[in-house]
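Novice: Below are the chains, spelled out letter by letter.
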Amino acid sequence: MTSVTDVSPARPAFRLTRAFHGLERLVVPALLIVGWEAFARSGMLPPALLPAPSAVLHALGDWVFGFDETTQTYSGHWLRDALASALRVFGGFALASLLGILAGVAIGWSRLFEKTLEPTLQMLRPIPPVSWIPLAIIWFGIADKPAIFLVFLGAFFPVLMNSIHGVKTVDHNLVRAGAMMGANGRQMLTDIVLPAALPSIFAGLRIAVGSAWMLTVTAEMVAVKSGLGYVLWDSYYFLRYDIVLAAMISIGLLGYLSDLGLKAIMARTLRWQQTTTVQGRAG
Amino acid sequence: MAAIELRNIVKVFSDKRRSRDLLTLDNINLDIEANDFVCLLGPSGCGKSTLLNIIAGFEQATSGRTLVDGKQVERPGSDRGVVFQQPTLMPWLTAIDNIAFHLKLKGVARAERYDRAMEFIDLVGLRGFEHHHPSEMSGGMNQRVGIARALLMNPSVILMDEPFAALDAQTKLEMQEELVAIWQKRRCTIVFVTHSVDEALVLGNKIVVMTRRPGRIREAVNFDLPRPRDITSPEFNDAKRHILALIREESTRLAQAS
Chain A
13 MTSVTDVSPA
23 RPAFRLTRAF
33 HGLERLVVPA
43 LLIVGWEAFA
53 RSGMLPPALL
63 PAPSAVLHAL
73 GDWVFGFDET
83 TQTYSGHWLR
93 DALASALRVF
103 GGFALASLLG
113 ILAGVAIGWS
123 RLFEKTLEPT
133 LQMLRPIPPV
143 SWIPLAIIWF
153 GIADKPAIFL
163 VFLGAFFPVL
173 MNSIHGVKTV
183 DHNLVRAGAM
193 MGANGRQMLT
203 DIVLPAALPS
213 IFAGLRIAVG
223 SAWMLTVTAE
233 MVAVKSGLGY
243 VLWDSYYFLR
253 YDIVLAAMIS
263 IGLLGYLSDL
273 GLKAIMARTL
283 RWQQTTTVQG
293 RAG
Chain B
15 MAAIELRNIV
25 KVFSDKRRSR
35 DLLTLDNINL
45 DIEANDFVCL
55 LGPSGCGKST
65 LLNIIAGFEQ
75 ATSGRTLVDG
85 KQVERPGSDR
95 GVVFQQPTLM
105 PWLTAIDNIA
115 FHLKLKGVAR
125 AERYDRAMEF
135 IDLVGLRGFE
145 HHHPSEMSGG
155 MNQRVGIARA
165 LLMNPSVILM
175 DEPFAALDAQ
185 TKLEMQEELV
195 AIWQKRRCTI
205 VFVTHSVDEA
215 LVLGNKIVVM
225 TRRPGRIREA
235 VNFDLPRPRD
245 ITSPEFNDAK
255 RHILALIREE
265 STRLAQAS
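Residue numbers (our numbering), protein chains in the order written: chain A, 13 to 295; chain B, 15 to 272.
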């Protein structure tokens, strides 16, 4: 009884807390930025070493819109740089997703693939993608290709591992139910195992998109002459830490947006799951 | 010819970790006639679910023959509808898509699938919920979908493995009544596994009492009390007393042996 009567008067209060919900999230970032600005202006460090948030914002603004050329050659070129990075991320990520899901499902589903393919892949997995940079450069030169190759390496294994896991942990009884309803081998895979493994595959894709951004930036720092990572490293040579920070913020923002996009696709695809996950309700 | 013929079924599970064999089913012989409602009654671990899985084709007997409609069972198939202990629905499909899944596998067009599935939605009383996902329905509703899914295949036998065990007492009673009504309406052969004497007596017209491991058939009791059955009637209680005596006999025998 008490639980029932407790709920209704709580409703308006609940709405009120929801209104504050958005503001709550801003408290920590706001405090950080204010503290950073104050610290930068206090003069404890030379402004060149720690640019104030206002200076970073200024650099970012000029980089994006090109209003006073404070970022010199980068002024107004942000979109071009961001696009260059985003295309590498997308290229490597798409390739990694395709091959990762294919190989993962094959290994998870068939003993033959598990025995022949998995040991080799598992041996390659612990090698950090970054350590492939020398080979990537001598194989692919200095352009998009080595970057896409590195992104592929970073994104492939999370997709692979999660696809294998997803297929292997499919409820055994669902497979039995499928056999009972007359599913043949191919239908078992496409109509039962694959949809059942999707939540796990998506978890892999989300990890992979994060790795993809990390490796794009890494590749651009050493092997490519364009993109956000290149701007970051180039500005470092010219002691423009405001641009370095602006580049870091741009990467963070784009990485976050990629994840949001992926999350939206996942929410649509896994709509059936939403009522059972904690996350679907909490947001 | 009986709908299901079990001949000298033996099932041995090899326990590899302890390197010994476990005799689970010991020489089971049973004929189940068409349109029978048979309850396999026995304690946990007596192998009744294993026996059901052998008929379903999910497991192979170590030796012996299993015939359904005169044909040897080799693998699962849509001639034997199975209702699992847990609903075991495809969580990404709605109720109607789950019920019509068999038709989808056969390549039947969507409009016809839905048309045929609606009949079974109505039969199990789920009209209005056909586009709900399993996560949006209660356990009892999901189990109804599971029953409708098995019925839609129009199988010659329906195998049910304690399908109501996870339901609350009230829902369980409703589901039992509905199942009997469906069975009377559609005249199908049902093999129903349960550990509850009351459930077996409410549902079955033949009750096969099994012994504790190794599983053997203690006695197959014919029980033709008219329906709806009054669970307080003297006839019901006589039958119950008889079956309880069989079970008790079994446990005293085991107690003396140990």
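It is possible that some hints are incorrect.
To be verified - Partial pick of chain B residues on the chain A-facing surface, computed with a CB cut under 7 Å:
#, residue
1, F72
2, Q86
3, P90
4, S92
5, V96
6, T102
7, W106
8, F115
9, L119
10, G142
11, F143
12, H146
What the hints assert, rightly or not - Below, a sample of chain A positions facing chain B; criterion: calculated Cβ distance under 7 Å:
#, residue
13, A195
14, G197
15, G222
To be verified - Okay, derived cross-link-like pairs now, BS3-like style, lysine-lysine, Cα gap no bigger than 30 Å in a straight line:
#, chain 1, residue 1, chain 2, residue 2
16, A, K180, B, K120
17, A, K127, B, K85
18, A, K127, A, K180
19, B, K118, B, K30
20, A, K180, A, K237
21, B, K186, A, K180
22, A, K180, B, K30
23, A, K157, A, K275
24, B, K120, B, K30
25, B, K220, B, K199
26, B, K220, B, K186
27, B, K186, B, K85
Keep in mind the hints are simulated off the structure, nothing from the lab. Even for Gly, the Cβ is constructed at its ideal location relative to N, Cα and C.
Novice: Could you work out which of the previously given hints the structure breaks and list their numbers from low to high?
Specialist: 2, 10, 11, 12, 14, 15, 17, 19, 20, 21, 24 and 27
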